[in-house]
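Novice: Here the protein sequences line up with chains A, B and C, keeping their order.
For what it's worth, the working numbering labels the leading residue of the first sequence as 8, then goes sequentially.
For what it's worth, the working numbering labels the leading residue of the second sequence as 164, then goes sequentially.
For what it's worth, the working numbering labels the leading residue of the third sequence as 45, then goes sequentially.
Simulated from the structure, these hints should not be mistaken for lab results.
This structure is a prediction, so every number in the text was calculated from the model and none was measured.
All C-beta atoms in this analysis are idealised placements derived from N, C-alpha and C, irrespective of residue type, glycine included.
Treat each hint with caution, since some may be false.
[As the list claims (entries may be wrong)] In the PhoX-like style, the derived pairs of lysine-lysine whose C-alpha atoms are separated by at most 25 Å in a straight line are:
#1 B:LYS593 with A:LYS72
#2 C:LYS178 with C:LYS152
#3 A:LYS132 with A:LYS223
#4 B:LYS285 with B:LYS190
#5 C:LYS152 with C:LYS180
#6 C:LYS173 with C:LYS183
#7 A:LYS270 with A:LYS35
#8 A:LYS325 with A:LYS223
#9 C:LYS173 with C:LYS194
#10 A:LYS72 with B:LYS514
#11 B:LYS356 with B:LYS285
#12 B:LYS710 with B:LYS182
#13 A:LYS325 with A:LYS270
#14 C:LYS152 with C:LYS173
#15 C:LYS194 with C:LYS183
#16 B:LYS410 with C:LYS180
#17 B:LYS514 with B:LYS710
#18 C:LYS152 with B:LYS410
#19 C:LYS183 with C:LYS212
#20 C:LYS212 with C:LYS180
#21 A:LYS72 with B:LYS710
#22 A:LYS127 with B:LYS410
#23 B:LYS593 with C:LYS178
#24 B:LYS410 with C:LYS194
[Stated by the list, open to error] So the derived list for chain C, only partly shown, Cβ under 7 Å to chain A, looks like this:
#25 GLU92
#26 ALA215
#27 LEU216
#28 MET218
What follows is the residue order along each chain.
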Amino acid sequence: MSHISQVLWQFLIHWLTNFQLYPPEASKIAPQMDALYFFMVLVSMIGMTIVILLVVGFSIMYSKKRHPVAVQIEGSTMLEATWTIIPLGLFLIMFVWGALIYFRVYTPPANAMNIYIVGKQWMWKAEHPGGQHEIDALHVPTGRAVQLTIISQDVFHSFSIPAFRVKREAIPGRYTSVWFEATTPGTYHLFCTQYCGTDHSHMIGEVVVMTPDDFKKWLASSTSGASLAQNGERLFASLSCSACHNSRPDARGPSLANVYGAKLTLANGQTTIVDEAYLRDAILNPSQHVTQGYAPIMPTYQGQISEDGVISLVEFLKTLNSDYRVQQTTTTTTLLPESEGKTTPAGQKPAGQGMVKQ
Amino acid sequence: MSSSTIVSLPDQSTARLPKMNFLSREKGLLSWLLTGDHKRIATLYLISITFFFFIGGALAGLIRLELLTPQSDLMATDTYNKVFSMHGIIMIFFFLVPSVPATLGNFFIPMMIGAKDLALPKINLLSWYLYLAAGGLALYAMMNGGVDTGWTFTTPLSTHFLNTNVVTSGIAIFIAGFSSIFTGLNFIVTIHKMRCPGMTWFRLPLFVWSNYAASILMVLGTPVLAITLVLVVLERVAGIGVFDPTKGGDPLLFQHLFWFYSHPAVYIMILPGMGVISETVSTFSRKRVFGYTAVAFSSVAIAVFGFFVWAHHMFIMGISNYSMLVFSLLTMLVAVPSAIKIFNWAFTLYKGSITFETPMLYTFGFMGLFTIGGLTGVFLAASGTDIHLTETYFIVAHFHFVMVGGMLMAFLAGVHFWWPKMTGRMYPEKISQLAAIVTFIGFNFTFFPQFILGTLGMPRRYASYPPEFQVLNVFSTAGATILGVGYLLPLLYLTWSLRYGEIAGDNPWQATGLEWQTQSPPLTENFPAIPIMDHEAYDYEWLDTQKEKEVTSVG
Amino acid sequence: MSDSQVVVHVTAEGAHHEHLPYQRHHFETYAQQSDATNFAMWLFLLTEVMFFGGLFTAYLIYRNWYYPAFVEASHQLQIGWGTANTAVLITSSFTMAMGVWSAEMRRKGTLVLCLVITFILGLVFLGIKTIEYKEKYDKHHIPGFHYSLKTFLDPQSDPEVYSEYHDKPLALDMARHTEIYFFLYFAMTGMHALHMIIGIAILGFMIFRAQAGAYTTGHVTFVENFGLYWHFVDIIWIYLFPLLYLISRHQ
Chain A
8 MSHISQVLWQ
18 FLIHWLTNFQ
28 LYPPEASKIA
38 PQMDALYFFM
48 VLVSMIGMTI
58 VILLVVGFSI
68 MYSKKRHPVA
78 VQIEGSTMLE
88 ATWTIIPLGL
98 FLIMFVWGAL
108 IYFRVYTPPA
118 NAMNIYIVGK
128 QWMWKAEHPG
138 GQHEIDALHV
148 PTGRAVQLTI
158 ISQDVFHSFS
168 IPAFRVKREA
178 IPGRYTSVWF
188 EATTPGTYHL
198 FCTQYCGTDH
208 SHMIGEVVVM
218 TPDDFKKWLA
228 SSTSGASLAQ
238 NGERLFASLS
248 CSACHNSRPD
258 ARGPSLANVY
268 GAKLTLANGQ
278 TTIVDEAYLR
288 DAILNPSQHV
298 TQGYAPIMPT
308 YQGQISEDGV
318 ISLVEFLKTL
328 NSDYRVQQTT
338 TTTTLLPESE
348 GKTTPAGQKP
358 AGQGMVKQ
Chain B
164 MSSSTIVSLP
174 DQSTARLPKM
184 NFLSREKGLL
194 SWLLTGDHKR
204 IATLYLISIT
214 FFFFIGGALA
224 GLIRLELLTP
234 QSDLMATDTY
244 NKVFSMHGII
254 MIFFFLVPSV
264 PATLGNFFIP
274 MMIGAKDLAL
284 PKINLLSWYL
294 YLAAGGLALY
304 AMMNGGVDTG
314 WTFTTPLSTH
324 FLNTNVVTSG
334 IAIFIAGFSS
344 IFTGLNFIVT
354 IHKMRCPGMT
364 WFRLPLFVWS
374 NYAASILMVL
384 GTPVLAITLV
394 LVVLERVAGI
404 GVFDPTKGGD
414 PLLFQHLFWF
424 YSHPAVYIMI
434 LPGMGVISET
444 VSTFSRKRVF
454 GYTAVAFSSV
464 AIAVFGFFVW
474 AHHMFIMGIS
484 NYSMLVFSLL
494 TMLVAVPSAI
504 KIFNWAFTLY
514 KGSITFETPM
524 LYTFGFMGLF
534 TIGGLTGVFL
544 AASGTDIHLT
554 ETYFIVAHFH
564 FVMVGGMLMA
574 FLAGVHFWWP
584 KMTGRMYPEK
594 ISQLAAIVTF
604 IGFNFTFFPQ
614 FILGTLGMPR
624 RYASYPPEFQ
634 VLNVFSTAGA
644 TILGVGYLLP
654 LLYLTWSLRY
664 GEIAGDNPWQ
674 ATGLEWQTQS
684 PPLTENFPAI
694 PIMDHEAYDY
704 EWLDTQKEKE
714 VTSVG
Chain C
45 MSDSQVVVHV
55 TAEGAHHEHL
65 PYQRHHFETY
75 AQQSDATNFA
85 MWLFLLTEVM
95 FFGGLFTAYL
105 IYRNWYYPAF
115 VEASHQLQIG
125 WGTANTAVLI
135 TSSFTMAMGV
145 WSAEMRRKGT
155 LVLCLVITFI
165 LGLVFLGIKT
175 IEYKEKYDKH
185 HIPGFHYSLK
195 TFLDPQSDPE
205 VYSEYHDKPL
215 ALDMARHTEI
225 YFFLYFAMTG
235 MHALHMIIGI
245 AILGFMIFRA
255 QAGAYTTGHV
265 TFVENFGLYW
275 HFVDIIWIYL
285 FPLLYLISRH
295 Q
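Make the full structure from the sequences, and use the hints.
Specialist: Have a look at this one:
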């Protein structure tokens, strides 16, 4: 008997000392979201109290013993208006407030540091631009905006960090993104919250928030050698991208130097801003992303490259601001017979058709 | 007669069940299996859905048992995934969707409008057979290894990454969908075309209005689920790529198509329950429902708005910000009619003459729990908080509050309210009141901690979880045990009452509906002659004049 | 109260209201019955619209995304057969409407003739569909079953189609999307054909009943409501034909 109550006692103590009603607030948006949450809790409690008072109060005041004869009342337009307009008003406040927070969470600032997240059954891979790779973990610094570009390799997953109050679906076939700025060093839960099969409950990990100095140390100690961009450069060469995507005047494809962030005119006349999603799509579905002035001859790499590979290529293209690196890769690929010997002087800015700098 | 109850039973020493009623009119199994009588079909449905309810409940018990400990130690994670998937599928498609419409709606809509039967009795019977076929197929899938897609069948998981009985379950739900469509179709035609003379739309009981609104949803929404399941089955069987991104398909298309039905589905589930509440609140306060027109129109408003909010299940799935604004705003709008109803029911109590029989206890339970459930829905409708709360136990708690705390309580209120009319016998009052209270307590213990778990971040559909969530899970499981007792009791005493319950007479509750002005159990043709409606709904003054004219011989 | 009521009911039952033999007991008048069943059929057709609606939605989205693939894939359908089928169905709707008229006019012979012609036209439609499906099978254009991209990567390998449209070869990733077009083609026309088959089966039943005189005694509801169903199936085809066959034929 005493043995059982010991267990229960410890249980209770442990719980009471660790009692939480909401997760730690470890990001800048967390207190803002919690403010709305507690507003809603307050409104709900007031609403509940009103309903309970009405129901309990009326039940006592007008119980059959106390009030044996009912008075038939049709209704009251005034009351209907009151309990339509007040709830509607409160809900609209919550709608606007919630929408503001939603926009904030999903609109990363321009200077955000980007980390790629690839979800697959049943693990999370985090890829830092410097080439650091993590599995089921994510190290981030405090005081810095961090954007996560997320994709799934197989089914829907959902990347969730309750302490930061952020969550975003990992969708197969397209990038999604979310951003946060961590504020408090510590270790927090990372969950997959979209049911994804057998080991859905084990697709969890740790988010480790460090001070900027600690983070720099960690970056230095966990690099695997090549950064994502360097890996992308390697792929660019091995997949022979530079055979068409170089800055020679007779090049079959547009030069990709400085293409990231540029405003591109497509073959069908539409213009688009080049972002990660565009780059990924152009690699996998090129015939829908033909730059104006070029023939639709790019082959698709669907099936030949993994999501990690695409991420590396995208990172490479993001950092590509001159033709120099491309020229370097050109010399490592088999050149086509007709272009042998013709090269553009290194460092010259390309003059690709259809590209307008923003 | 005790002054704290309105129950008025005939003298038990001389009372008998009427010799000629819908149960005694024809005997034999075939007369039941080939019946066109809406009351018999309703009875068949009642037995069937009770059966499925307890299977779904057993699965719920298994879920809660597993979640007692942080590790997945009771069963393999694959098994757990199957258990929660089948719990959802059975509870939603084989219990909640048909619950009030197919049992109480089938039984009482014709009587409430003064008709002899529904417009299409053979289609009604077909509905039940389709339900049985679907249920049989679902049980087969369950015993043949189960299905672990979740009740939401998310692609590409369900189409490309699972080896369980996805196709069988998909077909089962497809068939069940048609059962639902035919019931809704029958109700709409009946309510439009078979009201008795004098029964204008605004003299209809609010139960009829609610079922009408739910029927619109059934008829327009369910076919979209049907075609979505067809696409999932084809994708699985032939691999055509409609939801496969590597072939140019779009997994998000499935989400849109699926939720286009599944959101209205929740209103299909709750609206008939709200109809029951209108009836019980009125009867047990001896008053017309406050704001009849507002309640009637808000039912239709919920049905209409309910079609335009589906993407609030997809806020974090990459829909555009503009989409989010539209759906979040519309979701806020759809919350308002429900609030209107709660206040109208509360004010029905004002200056009434209230008694606390079992249906009224369940009604109070509904009003409290549905309010909490509905308010937490607003937490999710606000897109900002939805980011944190979606896909966690907050959602699980929210929908269980509205579905179980709301709908299931309303169903039990209705079953108890109309039990004397359907069977001719009363259930035992004290034990039923106890069961209602036990259910209420058990429910709160089970599901309230889950709100906190969700806010803390515990994801849903997890077989194992971080140890700091254990205490709340233990609370929840403890509550579930109590809840289980609360649900078992009615099964026992209602069955007991079929043999030993007191004879109820025509109108034990002194209620105003047309169904209460005829014998219990009713005649096969409901009324000896088609009534002529010459008074408003919930007209207690008319009822008083009837009682003056009444001759109280039973026999 | 109840027993005395029962007695009254029993004696009243026979004399209570005269109703036509085909009026069901739960209806007060025949007019109410035909009104209700007619309304029920319209409502059912509305559910069918929602049912097909999902497929139309998918079609609209994918056609918008993959237009070149849809154009070239639709060139693989023979417009001759499609037009013939459209003519067949519209004619069958006419003969069906004539059948309903005949039933109302109580002309049994004409009714049976109209139903038989409608039946035959329905079979002709299915026959032409079979020819078209077989052609797709021969050319390996059935998604999921050895689907071949050859005619889209190299249109000149299919001289029949190429001589008419001179399609340009599609890039591989766009060519893959033709499979989605064909999936929608088979799903939509297949679902339509399924509804045709059900309709034809009911028509067969109706021909027997019509011959026995069941529909020419004033009780035309069944024929009328079936007519509605048949016209609905026709209208679905009238949407399917331009959407599937007539995407950009003007080369």
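Novice: Hint numbers the structure violates, sorted upward?
Specialist: 2, 5, 7, 14, 18, 23, 25
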